[in-house]
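Residue numbers (the numbering used here), protein chains in the order written: chain A, 1 to 750; chain B, 751 to 1040; chain C, 1041 to 1199.
It cannot be assumed that every hint is accurate.
For each label pair, taking beta carbons as the anchor points, the in silico distance ranges come out as [unchecked claim]:
1. 922(B) with 1111(C): 48 to 56 Å
2. 94(A) with 1052(C): 49 to 57 Å
3. 748(A) with 998(B): 37 to 45 Å
4. 1110(C) with 771(B): 18 to 26 Å
Derived from the structure by calculation, the hints contain no laboratory data.
C-beta: ideal position from N, C-alpha, C; glycine also.
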Amino acid sequence: MSEAKKFNFIGQRTIRPDGHDKVTGKANYAADLALPGMIWGKILRSPHAHAKILKLDTSKAEAMLGVMSVATFDDLPSVSNEAIQSGEGAIDSLDLGRNVLARDKVLYHGHAIAAIAAKTEAIAEKALELIDVEYEVLTPVLDLHEAMKADAPLLHEDMFTQGYPEQPEKPSNIAARHELKMGDVEAGFAEADVIVERDFVTPTVHQGYIEPHACTVSYNTEGQSMVWCSTQGHFDVRASTAKLLAMPLGNLKVIASEIGGGFGGKTTVYLEPIALILSRKSGRPVKMMMDRDEVFRASGPASAARLTVKVGGKKDGTITAMQTSIAYEAGAFKGSPAMIGGMTAFTPYNCANVYCETFDVVVNKPKVAAYRAPGAPQAEFGAEMAVSELAEKLGIDPVDLRLQNAAKEGTQTVYGPKLKAVGLVECLEAAKNSPHYKTELKEGEGRGIASGFWFNIGGQSSVTINMNPDGTGTIVEGSPDIGGSRASMQMMAAEELGIPLNDLKPIIGDTESIPYNQSTGGSRTTFATGMAVIEAAQDVVQQLKERAASLWNVTPDQVEWRDGSAINTAGEGQMTCAEICAKCEKTGGQISGTGNVNARGAGPSFAVHVCDTKVDMETGKVDVIRYTAIQDAGKAIHPSYVEGQFQGGAAQGIGWALNEEYVYNDDGVMENAGFLDYRIPLASDLPMIDTIIVEVPNNFHPYGVRGVGESGIIPPLAAVGYAVGDAIGANVSELPCSPPRVLKLIQEKG
Amino acid sequence: MAVVDYQAPQSIEDAIGILQKTDIKSKVMAGGTDLIIQTKSQTADPVRVVDLKHIDGMMSYTLDDGGMSLGPAMSCAEFTTLDDVKAVYPGLSESAYLIGSTQVQGRASIGGNLCNASPAADTIPALIANGAQCVIEGNNGERVVAVEDFVTGVAQNCMASDELLKQITIPRPAPGSSDAYLRFIPRTEMDIAVAGAGVSVTLDSSGKCTAARVAIGAVAVTALLVREAAEALIGTAVDEQALDAAAAAASAAAKPITDRRGTAEYRTHVVGVLVKRAAKIAAERARGVK
Amino acid sequence: MTKVHVTTSINGDETEFLCEPHDTLLDVLRNDLSLTGTKEGCGSGDCGACSVTLNGRLVCSCLVLGVEAEGAEVGTIEGVGEADNLNVIQEKFLEHAALQCGICTPGLIVSTQALLAENPSPTEEEARYYLAGNLCRCTGYDKIIRAVMDSAETMRGEG
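Chain A extracted, bound-state conformation:
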């Protein structure tokens, strides 16, 4: 296995193969493609958060000079309802269709109602003004508690809460209720010497990818239509778009452009079906881009949540019971990651008595989409804040309390399985021994530490490695590269083949050229696609050995593959990969290896973060002065990109904890739909983010890999939140810890 293995490439900090294009501006992202005859599409969006559409008349717009086509919900064929794969979960196709273009109701400010394609962007924008819409404005539902009340205005008259033994009689805005439990929390609390019970509130936040959604499409009546778009999953784009437009899958080719950030937010479709309709009706290629305002108002942010957490522990440090109830905002359509919140909240703990109840609630805001470990940051924020407070009340160091109750191999999870080998203990010990944790705080500084758990997924990946007659090869994979993963693919293939790294070129194929690949998300790429790469490379090695064997007139098992060459163990002879490939035509034709996996055994990645803050007591402004991110990578293929995931997740979590939130007015209009007032961390806001890579191998991957993309966003919310509370001597209960909130806590404390 990987313990004894000595690697040539794995663990090196190589230069990524797509790097040259990225630092020169040559790499092509979604908005960078122009096609001959291309026209521009723009969307008309609802000015109301909740309204019935009484009339929609596009005739004046259609008549405007320069307008080439118009699209409304009527252009979407009526299709059966179905769950379509979307990122780590699934989405209801009827909901998806109604989100892409509103049917008889608009459900959030910014909801798409119609679209125009015209010769220039300017004409398209002007034409939108000529679309005549009549609304019956309804009361918007903007608050979780209000939405859950029995007499709340309803978003969907046919929504009956799923998850109760009997379906409720009346519809409501609660799409679903989930319950997960084990043991007996009542008994557990009875045993406890100290109980901590707290309410928490977390805001709606956005993934904040710097590249807005964009696509260029060309509808082809006879053959294949083409979509070029920024996406984490081009096969999901194909499935969703084809479903909504009632097209056979084979008639739609989707090409994944380079993607300027996704973090889960680009696992569904907004523009592509509309652009194809506009293209079909005009006979021209159509380009559509969201502007930044539209991205905030009308793509898929992450759920706001309200939670109650209760944890109990004995004086000796045993945590005896853990309980939480969390309501998640789903936005306009059902499908928040509520259930996942319940699954993850207390999983870092080996506690026999756990109860998690979660609710999926619709409100008149944009439909939420995944955001890095969807559902977990909110849930684990509450859990970690409560556990840290419990440690303080018990007089036990917060790392020690976590170590004492740490989940490990064999720990029963509340959602069913027992954990296999995991690295939480190792992460906690690394935290305890870190230079950061050993540094004493100065006057006025506060510290928080928090754990994070994410399952990670495996799933379907398909890779082909095509060898060229000169011994170089192309790795054709299907995972859009959102963070530099193709470098790791190159390394894993080179490791197996033993040939120079730069002899292998990884590319991401389109939906026409490769078999199905599940989207990039769920921290699955280095794990599952990596597995497929290794399998394909091993297939190539086997073929190379067979060709060498035939040239030497020996059997393949008499050929050894070492350091990129075939060695004849039954006699004399050594041939390099290039030499064998040069003769491939004579020995049986092209050499090409395949790896098709439906990977199982993705290993969870635990993370532990340590955060120090300083607070200006007169203004409530928080400075993060020191930060350490520790996480289990199983085996770090490319340490720099693993560290990069830790640091990126930390930065997003710090933003979530400090300044990021959707601000709505009473009419349900977002007031800060831009990077000026939606405040993500700047370079000047953050210190260096120290990282420690822990490696507890996942034995289901040939090299021990665990995905690392998601867990890193979970601990920062409580690490920062608790550090702020520690610095000011008050309990933080609401995120973000923006200066006015922090000042209020300081003033209330007296």
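Starting from the structure of chain A, add chains B and C where the hints point.
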């Protein structure tokens, strides 16, 4: 607004001639960092942009014993490299440096910041604290208006549609004077000021404050010159007690709103904190000035 | 709408184009001149993805009108380094893995080049504040700042 025409006059007379045209509305542009954002929508009123950056004197400055005469369209990036200006008006230089990012600094100007008249504009409190004056040119000739009277409301200034801001003049501070500008933002950069304070003080050889001007920003529809806050400093050694009194006066004068950038209570409190801190810095600088 | 004829210099090449008065320099670079290395992240000067130099000064091209390029010198990412040779900053960004998705990278490289031209020995804090107008959502800025500091050291001949 939607830009349908662009003109780059070479003289003030030519510029005013264009501003007098009545076919469509004209908007004067210096750096464009506010104007271009405002003109993004294609669906609104057509507008002619009149670029002032090619007019002599709009992008340059003079500084002598009488004071400074500043071309209003000079970029903040350039302005903040002027060491001689920084030495005399450190607070004003600071305020110009705080506008936006490095990229925005490369274009944004003090004149534009002033004329755009956002209640939260960073340079306006610092200009007021320094007693700056606006030299306005129009069809009827030249007139001079103090900065605190130039801004008349949210995004409103006192100029007619055929007038433009030609120069900003600032008197040379008396010996023993200095200034400071502070603003509060939730992050470390980029944000619009939640509250701002510009303070200038003059100290005599014994360290006693003989003159002061205190201006606060982002806490009312316009920046405010707070006489009571200045009076709290004058005649004192700018000690803790005087600073607290100045802060209280500033908070009392503030009339802020609650919006996505801060609550009224928060702004009222923080502007007092900023006045105290800015006054302290200005006094420390003044003590170091010969 | 009447298009305006503009003569300008882009990365040292004399260039002409026609544009509408309302077009920004960013629109012109991307749509009319096919120089798509400069990116649009927000259109309002808040993210820095569209950073270019205008007469040597770092600016957001989304906040400059296309017509203002008349007689000016524009520097874009396409002019950084040489056709077959990356410059020090580009190399250091790759070496330090200072990019993940890469969308902010062109803007950051143009900005870093402007920073080091103005200040060849920035402190970490100076570098962070200078680059505060370049948003990155992937990296948390750590490796970016390391690449910038290393570039500065190398360019000073100390690396």
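Do the hints match the structure? See the list:
1. A C-beta distance of roughly 36 Å is found between residue 922(B) and residue 1111(C), which places it outside the suggested range of 48 to 56 Å.
2. Look at residue 94(A) against residue 1052(C): about 56 Å separates their beta carbons, and that is inside 49 to 57 Å.
3. At roughly 21 Å, the beta-carbon separation of residue 748(A) and residue 998(B) lies outside the given 37 to 45 Å, and the hint is violated.
4. Between residue 1110(C) and residue 771(B) the C-beta distance comes to about 22 Å, which sits within the given range of 18 to 26 Å.
The earlier numbered hints that this structure contradicts are 1, 3.
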